[in-house]
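Model the full assembly from the supplied sequences, consistent with the hints where possible.
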Amino acid sequence: MTSRLPITKTPKCYVGGAFIRSESARTYAIREGEFVANIPQCTRKDVRNAVESAAKAGPGWQKRSGYNRGQILYRLGEMLEARKAELADAVSLGSNKTGNPTKEVEATLDRILYYAGWTDKYEQLLGSVNPVAAPFFNFTVTEPTGICGVIAPDDSPLLALLSLILPIITSGNVVVALASETRPYPAILLGEILATSDLPGGTVNLLTGFRKEILPTIATHEHIRGISAVANPDERKLLHTAAADSVKRVHTLPSESPHDWLTAQSLQAIANFIEFKTVWHPIGA
Amino acid sequence: MKTSTTKPAASRPSRASRSRGPSARELIFGDLWEFDPAPETADPHIRSSYGLFINGKFSPARKGGSFPSISPGNEKKLTYLALADATDVDAAYSAASKAYEKVWSKLPGNERGKFLYRIARLLQDRAREFAVAESLDGGKPIKESRDFDVPTAAAHFFYHAGWADKLDHLAPGRQVAPYGVVGQVIPWNFPLLMLAWKIAPALAAGNCIVIKPAETTSITALKLCEVFQEAGLPPGVVNVVTGAGETGAAVMSHPLASKVAFTGSTEVGKAIMRSLAGTGKKMTMELGGKAANIVFEDAPLGQAVEGIINGIFFNQGHVCCAGSRLLVQESIADDMLTRLKLRMQSLRVGDPLDKNTDIGAINSKEQLTRISELVKSGVAEGAELYQTPCRLPSKGFYFPPSIFSKVTQSHRIAREEIFGPVLSILTFRTPEEAIEKANNTAYGLSAGVWTDKGSRILKMASQLKAGVVWANTYNKFDPSSPFGGYKESGFGREGGRQGLLDYCKLL
Numbered sequence: 002m003t004s005r006l007p008i009t010k011t012p013k014c015y016v017g018g019a020f021i022r023s024e025s026a027r028t029y030a031i032r033e034g035e036f037v038a039n040i041p042q043c044t045r046k047d048v049r050n051a052v053e054s055a056a057k058a059g060p061g062w063q064k065r066s067g068y069n070r071g072q073i074l075y076r077l078g079e080m081l082e083a084r085k086a087e088l089a090d091a092v093s094l095g096s097n098k099t100g101n102p103t104k105e106v107e108a109t110l111d112r113i114l115y116y117a118g119w120t121d122k123y124e125q126l127l128g129s130v131n132p133v134a135a136p137f138f139n140f141t142v143t144e145p146t147g148i149c150g151v152i153a154p155d156d157s158p159l160l161a162l163l164s165l166i167l168p169i170i171t172s173g174n175v176v177v178a179l180a181s182e183t184r185p186y187p188a189i190l191l192g193e194i195l196a197t198s199d200l201p202g203g204t205v206n207l208l209t210g211f212r213k214e215i216l217p218t219i220a221t222h223e224h225i226r227g228i229s230a231v232a233n234p235d236e237r238k239l240l241h242t243a244a245a246d247s248v249k250r251v252h253t254l255p256s257e258s259p260h261d262w263l264t265a266q267s268l269q270a271i272a273n274f275i276e277f278k279t280v281w282h283p284i285g286a
Numbered sequence: 008m009k010t011s012t013t014k015p016a017a018s019r020p021s022r023a024s025r026s027r028g029p030s031a032r033e034l035i036f037g038d039l040w041e042f043d044p045a046p047e048t049a050d051p052h053i054r055s056s057y058g059l060f061i062n063g064k065f066s067p068a069r070k071g072g073s074f075p076s077i078s079p080g081n082e083k084k085l086t087y088l089a090l091a092d093a094t095d096v097d098a099a100y101s102a103a104s105k106a107y108e109k110v111w112s113k114l115p116g117n118e119r120g121k122f123l124y125r126i127a128r129l130l131q132d133r134a135r136e137f138a139v140a141e142s143l144d145g146g147k148p149i150k151e152s153r154d155f156d157v158p159t160a161a162a163h164f165f166y167h168a169g170w171a172d173k174l175d176h177l178a179p180g181r182q183v184a185p186y187g188v189v190g191q192v193i194p195w196n197f198p199l200l201m202l203a204w205k206i207a208p209a210l211a212a213g214n215c216i217v218i219k220p221a222e223t224t225s226i227t228a229l230k231l232c233e234v235f236q237e238a239g240l241p242p243g244v245v246n247v248v249t250g251a252g253e254t255g256a257a258v259m260s261h262p263l264a265s266k267v268a269f270t271g272s273t274e275v276g277k278a279i280m281r282s283l284a285g286t287g288k289k290m291t292m293e294l295g296g297k298a299a300n301i302v303f304e305d306a307p308l309g310q311a312v313e314g315i316i317n318g319i320f321f322n323q324g325h326v327c328c329a330g331s332r333l334l335v336q337e338s339i340a341d342d343m344l345t346r347l348k349l350r351m352q353s354l355r356v357g358d359p360l361d362k363n364t365d366i367g368a369i370n371s372k373e374q375l376t377r378i379s380e381l382v383k384s385g386v387a388e389g390a391e392l393y394q395t396p397c398r399l400p401s402k403g404f405y406f407p408p409s410i411f412s413k414v415t416q417s418h419r420i421a422r423e424e425i426f427g428p429v430l431s432i433l434t435f436r437t438p439e440e441a442i443e444k445a446n447n448t449a450y451g452l453s454a455g456v457w458t459d460k461g462s463r464i465l466k467m468a469s470q471l472k473a474g475v476v477w478a479n480t481y482n483k484f485d486p487s488s489p490f491g492g493y494k495e496s497g498f499g500r501e502g503g504r505q506g507l508l509d510y511c512k513l514l
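Top line first, the protein sequences correspond to chains A and B. If you want my numbering, it's the position in the first sequence, counting the first as 1, plus 1. If you want my numbering, it's the position in the second sequence, counting the first as 1, plus 7.
Hint data in this document are derived by calculation from the structure and do not stem from the laboratory. Be aware that a few hints might be false.
Once the Cα atoms are required to be at most 27 Å apart in a straight line, the calculated BS3-like pairs of lysine-lysine come out as [claimed, not checked]:
id	chain 1	residue 1	chain 2	residue 2
1	A	Lys122	B	Lys472
2	A	Lys64	B	Lys444
3	B	Lys512	A	Lys238
4	B	Lys362	B	Lys348
5	B	Lys466	A	Lys57
6	A	Lys122	B	Lys512
If you want it as structure tokens, here you go:
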């Protein structure tokens, strides 16, 4: 009797709450010695579609209360916890057996919890009531910047990707993210996990493909209002130059120096993609 | 008193009658009585020429270049300013860098704060002199420079002085440090105030500065350098270089500037962003605006009229957050237009130094040309222009207060920043339409909302894509209140804890 042949998975990207292949029908193979899977090689058209999905999801996600966003992120943690082993395998793909995949997955879980806890707290620390020298009630609140692009590094393909995405969605932004080009498989699984969390479709859109094809479109798309990227010097120059055309908020980390993703969490990461709104009203009868 | 024959004088006008037309008596006397001139006569103490302020001393430009600065109110020459080139800017940065390393970074915060307190006080001492210099040099009415620009500039120094030894409380859970040397370029609409907005927080945070005022309005910046000397501010902590665009580009791109802050047009802001791409320099940008001022039918219309007039004619409309697009609910649009026309007739345009002047001189000939050109386009595109029949002085740059009705969203006057005393009026029916129209712009600096309904104010305020929302008021500013834009109006804030943090590195 021959052993049972397992059903292999067709990797798909996660856009607008649905699983898609690239509109171009292109794929690229990832191998670990032997063939592992064909990954969608997304195009600029896929980026534009993802931005459209994000734009539809944006107002709804922003309107949710901090408490509700916190519970949804916590639910994401619950879903991820259940697939730890599978994720660790995905993280080890292409790692040349370096690093500690289990540790990376556990750190990712803790990161989700960290930002889940911030959703209904950052406002009190970043906003203010301003003591103006005239009879006005004057306060400053935060609002999300809008649609943000994320360019993830190849190192720590799960932890880094989520460390970039989480602070952005914590405040009600929506994301179009490009996963690691060489180690995309954790992002494929992350899409499935996002789909079973309560995160509304379109809030986080995950694309796979070649950086040199996708990055310029994310850099120049006018509806993308902010970019968080790990990038090399040429890419950083491109991102900042293109950002000028529509005055995007760009925050980059150099890909040429190593980052300690295990500690990469902060209130500042949330503050990078919010806008301050100051409101004045007279005080009188 | 036409209306008094038809109804008893004691009865309050009903809502219906209010919406038909203004109930206020028309106190317009035409040419019957003229105001006597009431010029402010304090001596502005403007020198015949100014050097660059580098390392605590005034010195001529290295190549000896200079250019005249004129008064836009009468086109008379006020002084000559030194024209800084790249080598002068370089000298300014060397001085700033040395001052930072040797002196400023070594001072404890409370000592830095004392210098800022001194500057605030010395500026208050010479407030009237500065106000006259500001109005002469920039063209704004003396009542604005006297009652707003100069006192608010002093307030900025006073407010930030107190922060200098409290930076530990600025960012939750984080220590902060200064950037070192920062480069700043400011525009001509609030020359002294904008200088204070830029300098006070940067110094409080512990930075040293190279700053370039606008070429048409540098005099009060250089006069403030005298104050720095009197205050004993260590040489090199603040350096002021004068010149036009090329000088500004040198200030923005200098390698010793670890952070730059720019206030000006969106076009120039974008060019700076491009030129600094890849350098890793920290930036803040305060750029243009095309604010919507939204008036609902339940608004207190009398107050709204004052707010609209202030929103667009304050400082001749040379205000990046000017309420240049008036959105009026359709049911009160005709009434509002009548009221505005009436109110505009009592605006006095003329000599900036006259205490009765409401609208002074346009800052420069170039700006006057640009305003005229945009107003022509408004007429050509089919909007209806109303200008008050006022006499303009024969010398100097003046433009009559103007409003356009029947404006559509595609008109240039509804899309482009005019930066002049020109209001474009559009209408809306529902709050949703108002939001849609208000947000239909690449800018997002400010907005106004006028309504008596509190819940509507909060809803509108949350949906307007703008960094500052004035509800039942307009054009209010305070050092403790963060100011800055959404979208293409820039990023970063000025004022308050949030603004100060933009001059600090997180450790």
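Task: Violated hints, by number in ascending order, as checked against the structure - done: As far as the earlier hints go, not one is violated by this structure.
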